[in-house]
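Once you've looked at the hints, dock chain Y against the given chain E.
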Amino acid sequence: MNEEEMSGYVPAGKSTLNYDVQKEPQGLLRVILNGRMEAMNIGPLWKQLGKIFKKNDAAKVILDLDNVDYIDMSGQALILHYSRLAKEKGLQFQLSGLRPDFKHVHDQVSCFDCKPGPGFVKRSSVEELGHAAVNLVRDARDFFSFVGEFVSTSVYALIRPGSVRWKDVLLHVENVGSKAVFIIALMGFLVGLIISFQSALILRMFGAEIFIAQLLGLTMVRELGPLVTAIILAGRSGSAFAAEIGTMKTNEEINALQTMGLNPIRFLVLPKMLATMLVTPFLCIFFLFFSFIGGALVMLSLDFTLTAYLNHLRISIGMIDFLGGMFKVLVFSLLVAWIGCVRGLQTGFGARAVGRSTTSAVVSAIVLIILADGIFAVIYYVLGI
Amino acid sequence: MREEQVHPVSAVNLSIGFPGEMLLENVSFDVYSGEIFVILGGSGSGKSTLLKHIIGLYTPLSGKIFIHGQDLTTAGQDEKTSILNRIGISYQSGALFGSMTLLENIRLPLEEFTNMPMEAMNLVSRLKLFQVGLEGYEMRMPSELSGGMQKRAAIARAMALDPSILFMDEPSAGLDPLTSLELDELILDIARSLKITFVIVTHELASIFNIADRMIILDKKRKRIAAQGNPVELSTSSPDPWVRSFLNREKNVGN
Numbered sequence: 001m002n003e004e005e006m007s008g009y010v011p012a013g014k015s016t017l018n019y020d021v022q023k024e025p026q027g028l029l030r031v032i033l034n035g036r037m038e039a040m041n042i043g044p045l046w047k048q049l050g051k052i053f054k055k056n057d058a059a060k061v062i063l064d065l066d067n068v069d070y071i072d073m074s075g076q077a078l079i080l081h082y083s084r085l086a087k088e089k090g091l092q093f094q095l096s097g098l099r100p101d102f103k104h105v106h107d108q109v110s111c112f113d114c115k116p117g118p119g120f121v122k123r124s125s126v127e128e129l130g131h132a133a134v135n136l137v138r139d140a141r142d143f144f145s146f147v148g149e150f151v152s153t154s155v156y157a158l159i160r161p162g163s164v165r166w167k168d169v170l171l172h173v174e175n176v177g178s179k180a181v182f183i184i185a186l187m188g189f190l191v192g193l194i195i196s197f198q199s200a201l202i203l204r205m206f207g208a209e210i211f212i213a214q215l216l217g218l219t220m221v222r223e224l225g226p227l228v229t230a231i232i233l234a235g236r237s238g239s240a241f242a243a244e245i246g247t248m249k250t251n252e253e254i255n256a257l258q259t260m261g262l263n264p265i266r267f268l269v270l271p272k273m274l275a276t277m278l279v280t281p282f283l284c285i286f287f288l289f290f291s292f293i294g295g296a297l298v299m300l301s302l303d304f305t306l307t308a309y310l311n312h313l314r315i316s317i318g319m320i321d322f323l324g325g326m327f328k329v330l331v332f333s334l335l336v337a338w339i340g341c342v343r344g345l346q347t348g349f350g351a352r353a354v355g356r357s358t359t360s361a362v363v364s365a366i367v368l369i370i371l372a373d374g375i376f377a378v379i380y381y382v383l384g385i
Numbered sequence: 001m002r003e004e005q006v007h008p009v010s011a012v013n014l015s016i017g018f019p020g021e022m023l024l025e026n027v028s029f030d031v032y033s034g035e036i037f038v039i040l041g042g043s044g045s046g047k048s049t050l051l052k053h054i055i056g057l058y059t060p061l062s063g064k065i066f067i068h069g070q071d072l073t074t075a076g077q078d079e080k081t082s083i084l085n086r087i088g089i090s091y092q093s094g095a096l097f098g099s100m101t102l103l104e105n106i107r108l109p110l111e112e113f114t115n116m117p118m119e120a121m122n123l124v125s126r127l128k129l130f131q132v133g134l135e136g137y138e139m140r141m142p143s144e145l146s147g148g149m150q151k152r153a154a155i156a157r158a159m160a161l162d163p164s165i166l167f168m169d170e171p172s173a174g175l176d177p178l179t180s181l182e183l184d185e186l187i188l189d190i191a192r193s194l195k196i197t198f199v200i201v202t203h204e205l206a207s208i209f210n211i212a213d214r215m216i217i218l219d220k221k222r223k224r225i226a227a228q229g230n231p232v233e234l235s236t237s238s239p240d241p242w243v244r245s246f247l248n249r250e251k252n253v254g255n
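Heads up: the protein sequence lines correspond to chains E and Y, in order.
Quick note on the working numbering: the first sequence kicks off at 1 and runs consecutively.
Quick note on the working numbering: the second sequence kicks off at 1 and runs consecutively.
It cannot be assumed that every hint is accurate.
Which chain Y residues stay away from chain E? Per the calculated CB distances, all over 12 Å, these [claimed, not checked]: (1) V12; (2) R126; (3) S237.
DSS-like mimics (lysine-lysine), calculated; alpha carbons at most 30 Å apart, straight line [said to hold, decoys possible]: (4) K64(Y) x K103(E); (5) K54(E) x K23(E); (6) K52(Y) x K64(Y); (7) K64(Y) x K195(Y); (8) K47(E) x K195(Y); (9) K80(Y) x K47(E); (10) K89(E) x K54(E); (11) K47(E) x K87(E).
Just so you know, these hints were derived from the structure itself, not from any lab.
We put the CB at the ideal spot given by N, CA and C, even for glycine.
This is chain E alone, in the form it adopts within the complex (with noise of 0.2 Å):
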């Protein structure tokens, strides 16, 4: 066989390797290999040589390799894995036929992990509970750190509002809030028509179609108004921020800044957040003005007049209810768009750590937005607001 043939070309679907099993006397089994031993057809001897081995019943085997053209990498590592296995075992192993070419890298294989590597170790549980313990000081360390950084900066800001970024501010604005109007009105509509019908049906019951205007200014006002809004806006925008933070953190962008003299919180962080907590509360108000169109539309088909609705409408909004509603979603603004941006600051290495700090950008976000909406539930109560 010349040199050509031996490392040839054989196409995938036509390079075969059949074997035969022949049980000899005294408890000799003889597997006899034919064709090539490659990784696209050694699946079955493995197999097979698993099961031989399984059952434990042949006190010596032998490799009959005098028909094999061709072994690589894969055959090698079957012939190392099963000699090994023999020598556990306790029955003979033996190859025949094999070739000198392939000798050699049988022999430089064959004790690829005799001198350990750098390893990898296995950590105890006691070491894992350690680590995570280390983990969640960091993490605490990282938090508090950042708020630091962040009110630092922000009252650096205040004194000297030419400090701020204003072009990415307006860039920001644009992203979080004009591109945002259309899924927010859709939103609202869609809620102040779906709230609006389910409570005609029940209070049609008892004659007071009319009072859908007032359950549905108020429960709009100051609950649902500031609750969709802020999670729309941590699904569209927190996770936004923590993608694109995240992947500059990743591809060394923050390093460069901060190496830069820069500090990563007036670039990045402050814009994001003025720009959210700037165009949230007209979310939120588009929001409102269209859910109230939502639940017009409810009341004009149960014949209602227009004038009617609105004067219910009026009635029940008090300006209270309307500046706190607002003051929620300033302050739920605040949470998404901080969240967002520190999960973006903590991301690790990789694609999959972006991917993990949007996920955790956008739940965290809504659990900040509901814990925050119960606080305010009990402050507005105390206060009588």
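Structure of chain Y alone, referenced to chain E:
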């Protein structure tokens, strides 16, 4: 399949480029079995683009590319997959999957294209890492490795299915001279012990004189192959003075 001897890679009357920008016109060359073949050219001469055409990522403007006599340019999807399973490619950046450990990176093609049991795939993957000198790093993530180690891991992944041809795009890009020398030795070692044909795109002259059996030099201005042959012979006795100066000047600088 043609009657004459079938080469691992043959390009026949190949023209490549992008709309409005022709890179190479009507070039032909063969890569012989078991050799280390280098594609050299200055920056922007289209050597990486040529490689991407050879491995079927791009379609040539005209001409044909044969991998072991099979025409890649007209192959259907199944035939193409079958050809691609027989070649390995290591990309300039390593292109390891960042979310997987080294072992999982190498095991992926085995899982997808073979019917080996899991223990077999794990052992084969570990052997590949051993071959490139990364034994013990199975459970590491690519981001935990140095640039040279990532390159070697990428070679291990390219060899996962024991290809008969290994294509490499700028293997020594971004590596220090010593690491790049180690990589050269690794390539020579693999070529010798496994009889794999190498097609390497590079502009690292020192490395070319170290490892290449034959090479082609792409000429950006004339959109053709300026010379082909053994690098040492070309540097001393090429009839084309441009080729001689290109190789010699650079060689002197390299030394």
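Outcome of the hint check:
1. V12: At roughly 18 Å from the nearest Cβ of chain E, V12(Y) sits farther out than 12 Å, so the non-interface label holds.
2. R126: violated (7 Å)
3. S237: Holds: least Cβ distance 28 Å, greater than 12 Å.
4. K64(Y) x K103(E): Judged against 30 Å, a Cα distance of about 39 Å means the pair is violated.
5. K54(E) x K23(E): Given that 30 Å is the threshold and the Cα spacing comes to 16 Å, the pair holds.
6. K52(Y) x K64(Y): holds (14 Å)
7. K64(Y) x K195(Y): holds (26 Å)
8. K47(E) x K195(Y): Cα-Cα ~28 Å, so holds.
9. K80(Y) x K47(E): holds (29 Å)
10. K89(E) x K54(E): This hinted pair holds, its Cα atoms lying about 10 Å apart.
11. K47(E) x K87(E): Roughly 18 Å separates the two Cα atoms, so the pair holds.
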